[in-house]
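Keeping their order, the protein sequence lines are chains A and B.
When you line the first sequence up against our numbering, it's residues 1 to 539, in that order.
When you line the second sequence up against our numbering, it's residues 1 to 365, in that order.
In silico DSS-like pairs for lysine-lysine, Cα to Cα no more than 27 Å straight-line:
(1) B:Lys132 to A:Lys92
(2) A:Lys177 to A:Lys359
(3) A:Lys328 to B:Lys88
(4) B:Lys88 to A:Lys497
(5) A:Lys493 to A:Lys92
(6) A:Lys321 to A:Lys220
(7) A:Lys365 to A:Lys177
(8) A:Lys177 to A:Lys220
(9) A:Lys436 to A:Lys532
(10) B:Lys132 to A:Lys321
(11) A:Lys328 to B:Lys44
(12) A:Lys181 to A:Lys365
(13) A:Lys328 to B:Lys75
(14) B:Lys88 to B:Lys44
(15) A:Lys328 to A:Lys436
(16) A:Lys532 to B:Lys88
(17) A:Lys220 to B:Lys44
(18) B:Lys44 to B:Lys75
(19) B:Lys132 to A:Lys493
(20) B:Lys88 to A:Lys493
(21) B:Lys44 to A:Lys321
(22) B:Lys213 to B:Lys276
(23) A:Lys497 to B:Lys132
(24) A:Lys285 to A:Lys181
Hints listed in this document are in silico derivations from the structure and should not be mistaken for laboratory results.
Only a predicted model underlies this, so the values are computations on that prediction, with no experimental measurement involved.
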Amino acid sequence: MPLINGQRPGTIYLVSSPNDPRSTVPDRLASAGGLSEGVARVLSRDTGLHEADIYGVGSFYHLLARPEARVRVCGGLSCQLAGSREVLSACKAAGLPTEEISCLAACDRAPAVLRDRRTLPSVTVEDATRSAGKVEDLCSTDSETAWLGTIGPETQSMGTHALNLLGEPDWSAEAFKAANKMGPAALFDLLEESGLQGRGGAGFPAHIKWRAVAGQAVQKRYIVLNADEGEPGTFKDREVLMRRPDLVLEGLAIAAAATGASEVYLYLRGEFEVPSGVIAQAIAKLEETNRYPDITFHMHAGQGAYICGEETALLEALEGKRGMPRLKPPFPVEVGLWGKPTLVHNVETIAYIPGIVLKGGAWFKNLGRTEPGTKLYCISGHVQNPGTYELPLGISLDELVETAGGYVGTLKAFSPGGASSGFLPASERGRALDFKGLGSLGSMLGSAGVVVLNDTVNMRWAAEEQLRFFEEESCGQCAPCRIGTHYLHAAVKGQEKSLGLAHVGDVAWQMNEGSICGLGQAAALPLTSALKYFPEDFS
Amino acid sequence: MSPTTQTLLVDGHVVELRPGDTILNAANRADVSIPTLCHDPRLKPVGACRTCLIEVEGARRLLPACATPATEGMKVNTESERVDRHRKTLLALYLTDHDGTQEHGQGGAPNQLASMAREVGAPTDWGQLPSKRRGSIKDDNPYILFDPDQCIACARCTRYCDEVESVTAITLAGRGSETTISTADGISLLDSTCEMCGGCIDTCPTGAMTERKAAEVQAPPESDLTKVRSTCNFCGVGCQLDLNVDPAANDGRGLVVKVTSPPVGTTSNDGNLCVKGRFAYEFINHEDRLTTPLIRDADGVLQPASWEAALAATSQGLAGVMERHGKNALAFISSSRCTVEENYLVQKLARQGYGTNNVHQCSAT
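This is chain B alone, in the form it adopts within the complex:
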């Protein structure tokens, strides 16, 4: 740390100040954990859930760590009696308006509210309010399910839809204890500007927005699923995704029950996916899916074969065409579902391996 470095103190830890820092960012770097529900680093902070309120020396009121700029010499205290009482009473209040006993919502989505309430030791005996939130989104789309009882109106979904996707299909609607999430006039998401990217599901902290298909198959909690990191094969962008496999399903052969995006900030797609990547995974277990190469036998009937045999047959076939008709009788067409690297290799195979420039990719037309 150079003498000119600006710093602040978080629970006594000296933290170097970086441009644009909020207290939350600075605290995270010092490994001081501050609970948040409405915070998503992709979105502008709104400080609405109030879980991240902390004490700053000299400030009369508790301040939201997510939205308060960190400044030189600031002294932040996240462990005081006042902050502790704040967290306990706030979460106790949340629990009166939500079912905090289930740490997983429909389809196994984690409910951070429940786990946070357990972690801070929030009282659970304040009673239960009848929820006034209504789900006005018509329920006929195949992918996204909204459970108003689980919704904490943190507006992560609506802000994501607006600020990241620029789609704004959903909004905070109503006022006060009736505040809920809705489309215009409560129309079906299918009739709205929604592109079914499912980002609302990804950002939702409580599982109020969830995958309908996972709910339908009653997917177990995400912690019981095996996450298999993969590259989305629907286009060449290369978004990373996690196939969530229920190992016990499908007679023990495993079944993909949902697709989630890797955590924000860890992969190039930054937690975002599109409708195909997030929801079009059922082909994996479809009975029509080819799971082994096939070669036609002498009678013209396709027979399962090994990869070695299939590649040999392909190679022979291509060589035969070239021998009989010349190299320009060959053409190579690759798929837009291949990655950039795979497309590169296809053109290399065509040009260098077979000496032809007849190479094309389906999305290039």
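Next up, chain A with everything else stripped away, as it sits in the complex:
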């Protein structure tokens, strides 16, 4: 825990409780069909909360704020490269109530479209035209099987692949039993030995968080699964949830038992209707067989906000508020959900736990190349077979793309870890894709959402699209991010004559220093890196 001069920072947050009707507000708004006029007042009567409060929450989340839109076309980079703007126009032309939406975590099946809460992969202009304006008739390839993407490499085994997404789910709870037998102290040592780093983006050592939660004086603790997968270019958690719900739930159960928590909250982004169904079924199955008798799983659907992937914003959303990140410190391990110590983990991180318990820390560590473990790399854009590839942590872009069938066209640039990681030039194609190495380049591995761009792409355009995303997804709480993303987007777009690119460096510096959370701190990177590596695209 980062302490200030050895002192534990005080807590200043408003703490509600699980029984507070506030936590039901997003769900109630969703059930009411979104924030139509008068809904806030009705819900205010039902809950006793102020109508302005309810309106403030509803207006924050894009799935609630504009209920009239029922078709939302992904505007992510990979989807745009696959022609999403044409699909968007076709949907509008067909008379569908359509708007653009931020990344739908289906970059491997681009272009993706959200129809109500169902993500439809690989939608074509013909699909849109064929709908003839009837929302229900849009697209036909949305069966649950079609929802699954490409997984690689083709041959996987539990020995060499820590997740083994192609393996059969295992409901025996063997790892859970083994972990309980081992006891928390030995388990934490095992995690430390494994070197497991958080796979959500920060790469923070998992064992430190587990120990911190277990060591809190407050007895009530929570486990939270961060399945708000929204970093553009990232879709690995979707595959894990769909293919290995057993690993996710067992990992959560092990974490709960080891840290003294009995309640687990699963926060899945609202667009994950299909994975949500898979997880709900798995939970029902586990409850039937009473596999984890002392643990309760609560499922929660997000309502559309990229920022809720930031862990403290996610906690705010779970508490039913506007998803605005909290000031840190204190960190969630101390003051988390409803003010209690909380262990928040990304889907991929938690899914590694059963394997590590069964096969050992050293085994996991040795699966990696430059850093411990295997890693799910998502790859999309200009490659032959976009998909999710489990490979040793630290492979290079060239190796990754080779596994994914090779490049389409000539490599120009790539984004190694989602929009937040900025762009790297082709000259970095041989560099290890890991946390430390990319960090030293001023980029990051992040969520390992790798987007490949070939020489048909203008990098000013690419930077503009990423900045558009960040401006739309900034929560608006702190000025550096709220104004900075707006400024940079407007500047790179070139519409505001007074702006220009002369002050981009200072704005980026300010956003990095001044922003409350990682979104604002990283949001300038797509533009600053594009300017650095591809100045010719700006002349």
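Fit chain B to the supplied structure of chain A, relying on the hints for placement.
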């Protein structure tokens, strides 16, 4: 300072630590000025405006002074090159989203953003963004005006409405660069839970929330007005308020153009007022207002008189009634607009001066 006293260092000054201290509080005691926009001591700190970020030794990131607890041995630096660059670039960024050339908004409200930007020497040449904030509050109430262009979304107004007044008529609405202040569905404040206390105006640092009446009369900047401290006479609580007089108006006789509350922490009402105290001041200059005592003449017509004559006439009249009908023929009724002290004096006058217990106050029924 006893040897057991805990201290911290702020820009080299040793500051004694007090329970619950934030860095901002401790720095204020050491007369180290840290700029703030979203801070109001009545509200829980949110650290959203980012103007108060300072350096703390051992912390990787700059920390918000308003929300970071001060701790024993902490070394705070508010004057480093990094903090200076932070302030300049942050305020330069603010200026691209707001008009920072005017240090006063509509109705003369001070715009702290503009004055702060000038004080720290923020660059003003970064260009101008088209504001995406919308004022969705329907504009039909007589008192409160919202100008989204001036709003920095610091949420002082919404937090005040929620945390101090427990009214929650307004909220932060929307997201990102569109974040604004709104009622539910953008309804009129008159149709909301708003009590028109005007606390949102009082706490707003930029003049985005302002007095409609002051804006309508185009009140000059507050610095050009004469502030007359007074006690609100609408009830017995005794809230202190400042009548803001435009000395030049009303043909040089002066005109109250707005009422503001004294600074937070200086009077018992702590910067708070209600709708009457803040907005019901036009009677002061109303033509029907009595400004001198009146006595009926022999023909029954009211004639202006001096206070001495009026008090003498009253005293005579009361004495006459008592003489003719006895002391219990008299009754004294005072107003709830009188202060507690004045009410005390009225009952003393009745009981001791005239020997009757027939005394009442209008709000006692």
